[in-house]
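Residue numbers (the working numbering), protein chains in the order written: chain A, -15 to 113; chain B, -15 to 113; chain C, -15 to 113.
A portion of the hints provided could be inaccurate.
Calculated lysine to aspartate or glutamate pairs in the DMTMM-like style (CA-CA distance at most 20 Å, straight line) [claimed, not checked]: (1) K12(C) / E8(B); (2) K12(A) / E8(C); (3) K27(C) / D102(C); (4) K12(B) / E(-7)(C); (5) K27(C) / E(-7)(C); (6) K27(A) / E(-7)(A); (7) K12(C) / E(-7)(A); (8) K12(A) / E8(B); (9) K12(B) / E8(A); (10) K27(B) / D86(B); (11) K27(A) / D102(A).
FYI, nobody ran anything at the bench for these hints, they're computed from the structure. Just so we're clear, the structure is a prediction, and the values are computed from it rather than from any experiment.
Here is what each chain is made of, one letter per residue.
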Amino acid sequence: MRVRHINPEGLHRSPAFSQAVVVEQPTKTIYIGGQNGVDADGKVVGPTVGEQSRQAFRNLATILESEGATLANIVHWRIATVAGQSFDEGVAAFQEVWNRSDPPPAITVHVVASLGPDFLVEIDAVAVV
Amino acid sequence: MRVRHINPEGLHRSPAFSQAVVVEQPTKTIYIGGQNGVDADGKVVGPTVGEQSRQAFRNLATILESEGATLANIVHWRIATVAGQSFDEGVAAFQEVWNRSDPPPAITVHVVASLGPDFLVEIDAVAVV
Amino acid sequence: MRVRHINPEGLHRSPAFSQAVVVEQPTKTIYIGGQNGVDADGKVVGPTVGEQSRQAFRNLATILESEGATLANIVHWRIATVAGQSFDEGVAAFQEVWNRSDPPPAITVHVVASLGPDFLVEIDAVAVV
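In isolation and in its complexed conformation, chain A is listed as follows:
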């Protein structure tokens, strides 16, 4: 069994945390920390839920791809959005990235008072390969 903290290329690198953790047993489990609409330079990509959701999904995919996985490998996930934002834009971003023929597990969506500064959406996930 190995536990590796990963920071794949294409994601913002922070000295304060790693983006995801990989646990390899017989199975490999990938624990992905809260992803926001932040690009590889650490900048928020835009002021709308749609833009931020699309980027957060890209970040999830980048992490998963770096471990030979895709969004279809997610087994548990949670989305938080900030109160007063458009739910529909988030759903639209989700529908763009998700494969309808291989539906994901049920999502937990919480509408919260706020997240980090300028963040309108945050997604964390567990994937198994």
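Knowing the structure of chain A, use the given hints to seat chains B and C on it.
Frame of chain A; chains B and C shown alone:
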């Protein structure tokens, strides 16, 4: 190791997601997506936290039973309720279903601004068999 | 494979729940339920986010130590704080306990409407040893 998305009989079936995911290694882990007070027809069962909590617990139990497990197999879970609702009704629903002689792990309860439309409570969980 | 509910010395003991659950396979996974700023007597330690965060981190560490682990073994975690509180105090408490040379996985922080009575912060976590 196998990963199976499941939609047990007795739960609402959605083309958009599966209700839970089973991961079998030497151990079987069941990741249950956010369950709401929604019946097998996909309808919200009523306008109170008490009714919705009871139904969400029934949905959890249905999923667990379909994999040979019970609520006692839960190892991690989270409950979200919408601000302004009766906390006591949710606690009462919980006390009806939980076995006092086999107490559950500590729950994380978040009171959030909102959940999906008409949802007052949402529960997700991880169980190990 | 064994699943054990644990209530380590130094933590509040509740008849209603266990503080954490240990799953041993080839790997040991520790699922830690929502920890608050509550001492071993079950009392809230103070009215500020700083005090409560420090205590919640101590509780996490106590649970992990009872299983031969430390905060560095955490693979997934979530912090919720109540709206209107000082984010900076929570961050300061975090920086006191965390080892900068061994950064943690990305945290999901949700600012919620409320938690249990008098609770300003709640942390849950999954650790792998």
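Verification of the hints:
{"no.": "1", "hint": "K12(C) / E8(B)", "result": "16 Å, holds"}
{"no.": "2", "hint": "K12(A) / E8(C)", "result": "16 Å, holds"}
{"no.": "3", "hint": "K27(C) / D102(C)", "result": "10 Å, holds"}
{"no.": "4", "hint": "K12(B) / E(-7)(C)", "result": "30 Å, violated"}
{"no.": "5", "hint": "K27(C) / E(-7)(C)", "result": "15 Å, holds"}
{"no.": "6", "hint": "K27(A) / E(-7)(A)", "result": "15 Å, holds"}
{"no.": "7", "hint": "K12(C) / E(-7)(A)", "result": "30 Å, violated"}
{"no.": "8", "hint": "K12(A) / E8(B)", "result": "12 Å, holds"}
{"no.": "9", "hint": "K12(B) / E8(A)", "result": "16 Å, holds"}
{"no.": "10", "hint": "K27(B) / D86(B)", "result": "32 Å, violated"}
{"no.": "11", "hint": "K27(A) / D102(A)", "result": "10 Å, holds"}
Figure legend: structure checked against the earlier numbered hints; hints not met, in rising order: 4, 7 and 10.
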